[in-house]
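Peer 1: In order, the protein sequence lines correspond to chains A, B and C. Taking this note's numbering, the leading residue of the first sequence gets 8, the next gets one more, and so forth. Taking this note's numbering, the leading residue of the second sequence gets 17, the next gets one more, and so forth. Taking this note's numbering, the leading residue of the third sequence gets 595, the next gets one more, and so forth.
Check each hint, because a few of them may be wrong.
[Claimed, not checked] With a straight-line cut-off of 25 Å between C-alpha atoms, the simulated DSS-like cross-links for lysine-lysine are:
1) C:K596 / C:K608
2) B:K340 / A:K13
3) B:K340 / C:K787
[To be verified] Take a look, some chain A residues computed to stay more than 10 Å from chain B by CB distance:
4) T10
5) K103
6) A198
7) P247
8) Q260
9) V399
FYI, nobody ran anything at the bench for these hints, they're computed from the structure. By construction, the Cβ of each residue, glycine as well, lies at the ideal position given by its N, Cα and C atoms.
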Amino acid sequence: MYTILKNKNAGLSEAVLAFAEELIGTPSVTTQEARVAGLVEQKMREIGYDKVFRDETGNVVGAIVGRESSPTVLLNSHLDTVESLEKGTVRRESDKLIGTGAADCKGGLAAQVFAGALLRRSLLPLRGNLVVAATVAEENGRGTGVRALMERTLPALGMKPDFVILGEPTNLGLYYGHDGWMELDVTVEGANPFHVDDAARAIASDLGAGENGETPQIENVFIRKPRFETVGGFRRATIPVVRRLGYGENAGQVVSQYKHEALRAAETSGAVAVDVAVRKETRRLASGLATTVQHLTHAWSIDPFHPLMTRAREALAAAGCEVRAGKWELGRLGMGTAGSVLVKEFGAPTIGYGPGREEQAHAAGEWVETAKIVEAVYGTAAMAHGLIGIPVCGWTSDEI
Amino acid sequence: MNVLVLKPSRQKLEFSLLTQGSERSFCAGQVGDYRSEEASRTALEEVKGAIARAASANTGAPLPSVIAVRGVYGGAEFREPTLVSPNTFARLERLIPSAPLHIPPLLNLIRACQAAWLETPLALVFETSFFADLPAREHLYAIDPNLTGRPGVRRFGYHGILHAAACQQIARKRRALGMNAPARVLSICLEARPELAAVLGPNPLLVTSGATPLEGLPGQTACGELDPSIVLMLAQKKGWGAEQINDTLTRQSGWLGLVGRSTTLAEIFGSRRRECQLARDVLQYRLLLACGAGMAALGGVDAVVFSGRSAAVGVGLGLWLKQKIESAQTDGNAPITIEIFQESVDRVLADTAAALMLTPRRKSK
Amino acid sequence: MKVLVFNCGSSSLKYRLLKMPEEVELTGGEAQRVGPPTAKPSVIFYQIGREKFTREVPMRDHAAAFEEVMKLLLESPELKPDAVGHRLVHGGTEFCDPTVVNGSVMTRLETLRDLAPLHNPPAMALMYACSQRYPDLPQVAVFDTAFHATIPACARTYALPREFREDLGIRKYGFHGTSHQFVMEEAAAFLKKPVPSFNAVSCHLGSGGASLCAIVRGRSVDNTMGYSPLQGLVMSTRCGDLDPAMILSLLAQTQGDRQRVSALLNNQCGVLGLSGSTADIRDVLAQQTAPGTPNPRLEQTAAVYTWRLRKYLGAYLAVVGRPDAVIFTDTIGETVPQVRWAMASGMEGFGIRLDARRNDSVTHYPADVAADESPVRLLVVRTNEELAIARRTHQTLDRGPARAETPRERSQPRRAKTLPASAKKGARA
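Let the sequences and hints guide you as you build the complete structure.
Peer 2: Now the structure itself:
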């Protein structure tokens, strides 16, 4: 069976790289994903997905329907990229595709779309459903696209996923989670501007800001210099705090912890009002819908021995791929994956498997290795088959 | 009648055009990948080309009057050779879960055949049909079918075409000698996956293979019979999933696993090489066990027949088995005859398809 | 010598005290519901002479049960045991003979835990408890696999890569050896044949597990059970032979849930799986012959059960050649004439002729149910594993501890010629 998959994949390799190149060459900064969505939709139709459509949020969904109604595997990647200088340019060097979103995560998206093609071409029958969803507004929208997908689109399709594989960069490791980030604003308000200033400085110093207010780099917390403004006779100071959220930490508890500390620090500074809240922002999406987003990425993790991990590991090993389990590092502020929404809000077991390298995400001159994209197609198809395929047992040998 | 025989296997398509009155095939060969619709079309173009090339050397290209396609698995659905009709596709679709690697490309191949030879009827001949009516006592496993999620799971044989033909030949020979009682035959097919069937007259009563061709006698690379606990133990000790265990059991075991390198039945039984000793002992012993079981099923034995590509190995093996069997039997039993059935599957398929064309079309299920 | 024999079940402990070599049973009993407290209390049912007793006492594990049994015995001085014999299911390739228990034997037994994760540990717990509390009481371990150590390579080898066969110890071990050996010896004595030239097919048909054994010159040459007791015949809840691909499918379907598949194959298959209603073949046969509408599922169950037996009987008859006897034993083999009949009828080609009347009216054991002219005798023999263990224990200790403590050396010549490398490795370990 794996020989068939491997041979067919070799035949598809040029096509998947051309597709990846096209995706990277089409700019898709968050809220402007419509063009790239069109490309994905068109490719899914060409490949012959049973159902292809775009939902009201702008997510592109393609499904290959199995012989039984369950289980369902969701392959999910986001369409959007962060802002960058080199937007929309793509270069192909000997073994790399270079351009914004190459690693995060258009290479992964191309591989996932083609995993469906590979299963189709190999004529491997499926028991359950394969859904490939390219979602909008991940990078800054904080999972808006994937939330809409899980809340409305997939239930309406009758295909709520039992397993999810993200195409985010893992360098073809099997990743089962990452830490989270939250951005807090500590605000101090009062009629007496001196009281406010004193309180703000006291709080910043108490929370751990350096002498001169520079951003200190205590491992998991970044405290920025207070910003001051005067609004309608009131002085207001805002201290932005960015904090890593470990797995199992509750954002609400962290907020009240900070509030407690801030209140105590401000006690001696006269009459001021202190508040701590997660930063919020309103965005307009590509489809025209407006949405409020919180600057909060939850940590998430599934059990490294969850059946999804075990089956994925087993299938990769059987397919002859290297198996490496791990977690994302999330080296940069504001990074995250849809996993937090999928796991924490929808209870959908999720892992990551994508061709890019994590350190390339959001980097200048972002690149992805072409060979990894091709292998990702094979590995993803093998895992999907392990999870929802009709098992090929006893029949492998050529000669009967 | 000219019959084009097509034998699709996992990665290649073998073909052979047999013309009336000629023992040898007019043209034969194999083409590579045929699994997708597109590949099927290309593959058949190649077949057509090969026939045309063979014709230029001879005289005119013979048009096939019927195309015989060998199917490996027809389940309980296909109990006899069938001419393809529009409802054949739906019947085949139902078999996909039981033979996921074989049925989907077969569907493509049939469609491509219909497009390539518009008016030519297509005969589907399945290896399993001979065993479709295997008694329940033999084909059932001691497992609650409702608990396995595969309600129809049962035992089949996977070399029915040769078993049937070999047993028919024995029946003909016996009739010529005036013996009309149904023969009790141990039919041993020596292919990459050897298989023994115990056949009474026209009916098989026992077969060594199982729900898939993996069970039974050890094959070229397939393990054959195994303690079920071994599979679970491998899953635990090796941390392997079903796929990887399957790969080991189907592709790295059998004679390959016993000898430590790839080998053939001819080498195992023909050479005295030391590394083949264990494989020979195990195979011989398992065959003897199967013969004993077959004799218990048949209530005795009249003939042992060897067929398949390694049928010639049966000459020596047959003598050993005969001696063993006779020493297990009481005196007074009629002597056992050892037969070698030489015909190829191609010829048998062609004859089957031709016969199907001559009989009035029965309404298929 | 008074030998106390223990036979551990998963939640029970059977014991018998026998005076050897006279083979007189002094007392015996069974501790039931051994384990953490449940709604029903743990209890020991026992018998001294003809009198029956019960004693309710908490026994949270097999060691505690052992302690209670010993207490009970020591209450009467004439029931004080001189030696203990244990039944162990799995001796791996290590133990081919009854073995006097000492520290190094326990260490070697520990290495076998993997092979019999369910069966060996309770007996080992007993052995530990015994050596701690009664260090002077000699103990002998008698292995179910030992009799099968003589199965030759051609029959014990699975067609798997060398790595599996040698490094993972995957081979046929065979089980029920103590019983097969016992009934074979009984049968040979009954027919007045010396064991070293006795050929037979022994059918141990228990109400739970069942296996057939091919015996040539008094030695086991094949057994229907294999690497584990799961292979072979249709048993009460065990599946017996299956296509390996079916197990792989089950594994894939359950997303690799080994425990679930294992529980299914061990506890929900066999007669229970086939009938859907009962795990006891006697119920199936009784209902099948009872008046009323026929139940096709029960008919099939009976047919599959007996057909598998018949196939294996034929297979082993071909291996043994013309045996002196076919032996039927244990609950089903001893008490269900219908099963013997279904196996033996129509087997004249093998020299087997059953006398239907004799078969239906077995009142004493051993009984010969073959027709007078049958070249092969068909014997119904009562198995007695506890007595067999007592005999081996007595023999082993009687020969003197010095020899008994080195079973390896003695067992070497008994083994089949080609010793697998795994066995050699095991010996060094």
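Peer 1: All hints are to be evaluated individually against the structure, with a verdict given for each.
Peer 2: Hints, one by one, checked against the model:
1. C:K596 / C:K608: 16 Å, holds
2. B:K340 / A:K13: 47 Å, violated
3. B:K340 / C:K787: 24 Å, holds
4. T10: Per Cβ check, A:T10 is inside 10 Å of chain B; nearest 7 Å; violated.
5. K103: 31 Å, holds
6. A198: Correct as stated: the minimum Cβ-Cβ distance to chain B is 67 Å, above 10 Å.
7. P247: Fine: 47 Å to the nearest Cβ keeps A:P247 off the interface.
8. Q260: 38 Å, holds
9. V399: The claim breaks: A:V399 does not keep its Cβ more than 10 Å from every Cβ of chain B (closest is about 5 Å).
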